[in-house]
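Peer 1: Listed below, chain by chain, are the residues.
There are 2 protein chains.
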Amino acid sequence: MTVSKESSARAAQPVLAIIDRYEPAVMAELHRALDGKTNPPYTLMRYHFGWEDESGRSIEARKGKLLRPALCLLACEALGGDWQAALPAAAALELLHNFTLIHDDVEDASEQRHGRKTIWAVWGEAQAINTGDGMFALAYATLLRLSALGHDSDRVLKSVQMLDAATLLLCEGQHRDLASTNAHRLSTQGYLDMIEGKTAALLATSCGLGAMLGGATDEEVDAISDFGRCTGLAFQIQDDVLGIWGDAGETGKPASDDLIAGKQSYPVVFGLAHCEGAQRDRLVELLAQETRDDNDVAAARKILDDLGVREESERKALEYSDAAIASLDKLGLQTKWRNELARIATFAAQRSA
Amino acid sequence: MTVSKESSARAAQPVLAIIDRYEPAVMAELHRALDGKTNPPYTLMRYHFGWEDESGRSIEARKGKLLRPALCLLACEALGGDWQAALPAAAALELLHNFTLIHDDVEDASEQRHGRKTIWAVWGEAQAINTGDGMFALAYATLLRLSALGHDSDRVLKSVQMLDAATLLLCEGQHRDLASTNAHRLSTQGYLDMIEGKTAALLATSCGLGAMLGGATDEEVDAISDFGRCTGLAFQIQDDVLGIWGDAGETGKPASDDLIAGKQSYPVVFGLAHCEGAQRDRLVELLAQETRDDNDVAAARKILDDLGVREESERKALEYSDAAIASLDKLGLQTKWRNELARIATFAAQRSA
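Those sequence lines, one after another, are chains A and B.
Residue 571 is where the first sequence starts when you use our numbering, and the numbers rise one by one after that.
Residue 571 is where the second sequence starts when you use our numbering, and the numbers rise one by one after that.
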């Protein structure tokens, strides 16, 4: 089933409203972490967030997705907590996510992000690595402000432990990703293991951390973490679909971008696992090349289309999205919160950008 | 005053005995953090520590310096604490220090460390960045084991805060270092500000953290942190002296290594600030070149020798070492502990390797 642009737009709207509700407070918390620090590497961090240009002048900020902070604060509210007291955790999750983006850009040699030069493309790899390290440390400094908002030390310490465990899973997943690029030997399961770490772990922790700070029981934290995990898997698989079949006008990336780059993704891994003979040899050959021209990309895409890989990938994303929603059943949430969380899971699998 | 090899060897011996006392327990704590994890990036971390070769086979481990863990545990004991209960903090400090080394090697494009290929030289830059990130996260995971050793949550949280604050200072210092390489515009004060972050901050925190875990008051933590800070400054300036005038047989690096590399160091910064006219133009020219041949290095070293820079640098290192010892006066320590700490400060300024 191919999701129409119309139903995708329908899925996006209420989700953006949820994120918008928290956005000013999350941005204020991020500014609290970074404002007034006039020395580098903090100036480079503000550049990364799109608040300043290369010379440190303020610019009109691009509105970020803030998915992790929103999940954290929504989970906190849904479990009966005061979301405003969880803001340092929400900001810490966003800082942690962005530290990984800064390092990913170096690791992948990506010169652009959201239409702007990446930190390493402006200041060199060494400063980008160091700025990412600084943002990692700043995530913890921000998280520790939970103490000032009334959380006791046991709870703040639990937050540190949860954020740290997620980071270790992220690094394990990132190792797998780096090791598998252009290898074309990854099984479907190997791919899913990788995105468990790379994407799902931090979304699981976003939900679990918010719930824990909202006073949830361990069982409730587990259930909503599983919601976040499955939402993350759906989100990543749909990201992969958009990386091949996305509309450039909506995604801001060229069509078939991931095929051009030879990126490991669910469609590619699934396609390789489900074709054989000459078709498989041809697909491996196309993907294993150092670079691919337009004809190569079109040929690879045609093989994936013939195999029905897009439909299978969208089905898999929806399967995880449904599993996310099912894990909410254990929580006895008020309808309002259940619906909002379910909308985010649906959006993860059906978005077009 | 040039320190003779004999007096330097005399300074080293009792310090090594202090470090040796803690070494088996620190190594056991590091192994506890890393053993049994058969997946990367942990395998790459064990390679970095010299426990395994490139294929993951156990090898005879090189004995590390473990200066930061030793300072932490000695400060804990000196302030009346149980050093064994501070072991997770000691191991966390070593992990944090080594995460910065892994990233430094990428940032400086250093292919060798202690006669072995660096992680990036074996597995590439991307995996090295990610392994460093993982070791950073593992440092916190290790630190949190303090709870299991009887420290209450307030104290463990304070440990997280202290380690994190040191990391932010490290990143600020590292930014200055990267920005100043080959710039030759750093003032003596600018250089000292840089090493406050790069070297002194983590040694200060090693002492302060150990003392805090040993039950010291805030005033005692401040005093022993200042001891660690001044010891760190002495250590770094002597490191710079050894980088130019060190004995290759003892340091394991070629003579004048830092001049060959064009590294920013106290002797170079001080030399540039204290020469003028044609001599200064010549020194700037020699140091600003992309590379230096043997004649260039000899010429630069001769200018520094003529200016008396070695003596001045050794005097500066001793000044900090004396300041470190003076800050112990506020602590009313037992003579045994005062003497051990003083020996470390003296060693920092007088070591020959």
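Hints are computed from structural coordinates only; laboratory data are not their basis.
A virtual CB, placed ideally from N, CA and C, is assigned to each residue, including glycine.
Some hints could be false.
As the list claims (entries may be wrong) - Restraint ranges, calculated between C-beta atoms of paired labels, are given here: (1) A:S680 - B:K906: 53 to 63 Å; (2) A:R852 - B:L671: 31 to 41 Å; (3) B:G822 - A:R591: 51 to 61 Å; (4) A:K687 - B:K687: 24 to 34 Å; (5) A:V854 - B:K687: 30 to 40 Å; (6) B:H601 - A:G720: 34 to 44 Å; (7) A:P824 - B:P594: 54 to 64 Å; (8) B:P594 - A:A679: 50 to 60 Å; (9) A:G650 - B:N909: 24 to 34 Å; (10) B:Q859 - A:N609: 54 to 64 Å; (11) B:D590 - A:R850: 57 to 67 Å.
Peer 1: Is the gap between the beta carbons of K687 (chain A) and K687 (chain B) within 24 to 34 Å?
Peer 2: holds (32 Å)
Peer 1: Does the Cβ-Cβ separation between Q859 (chain B) and N609 (chain A) fall within 54 to 64 Å?
Peer 2: violated (29 Å)
Peer 1: Is 54 to 64 Å right for how far apart the beta carbons of P824 (chain A) and P594 (chain B) are?
Peer 2: Given a distance of about 57 Å, which is inside 54 to 64 Å, the answer is holds.
Peer 1: Has the hinted range 30 to 40 Å been met by the Cβ atoms of V854 (chain A) and K687 (chain B)?
Peer 2: holds (32 Å)
Peer 1: Does 24 to 34 Å hold as the CB distance between G650 (chain A) and N909 (chain B), or does it fail?
Peer 2: About 58 Å separates the Cβ atoms of G650 (chain A) and N909 (chain B), which means 24 to 34 Å is violated.
Peer 1: Taking the beta carbons of H601 (chain B) and G720 (chain A), is their distance inside 34 to 44 Å?
Peer 2: The hinted range 34 to 44 Å holds for H601 (chain B) and G720 (chain A), with Cβ atoms some 39 Å apart.
Peer 1: Is 31 to 41 Å a correct range for the gap between the Cβ atoms of R852 (chain A) and L671 (chain B)?
Peer 2: Roughly 46 Å apart at Cβ, these two residues miss the hinted range, so it is violated.
Peer 1: Per the hint of 50 to 60 Å, is the separation of the Cβ atoms of P594 (chain B) and A679 (chain A) within bounds?
Peer 2: Between P594 (chain B) and A679 (chain A), where Cβ atoms are some 43 Å apart, the hint is violated.
Peer 1: Should the hint that D590 (chain B) and R850 (chain A) are 57 to 67 Å apart at their CB atoms be regarded as holding?
Peer 2: holds (60 Å)
Peer 1: Has the hinted range 51 to 61 Å been met by the Cβ atoms of G822 (chain B) and R591 (chain A)?
Peer 2: Once the Cβ atoms are compared, 59 Å apart, the range 51 to 61 Å for R591 (chain A) and G822 (chain B) holds.
Peer 1: Just to be sure I understand the hint, the distance between the Cβ atoms of S680 (chain A) and K906 (chain B) should be within 53 to 63 Å; is that true here?
Peer 2: With Cβ atoms ~56 Å apart, the hint holds.
The structure does not agree with the numbered hints 2, 8, 9 and 10 stated previously, though it agrees with the rest.
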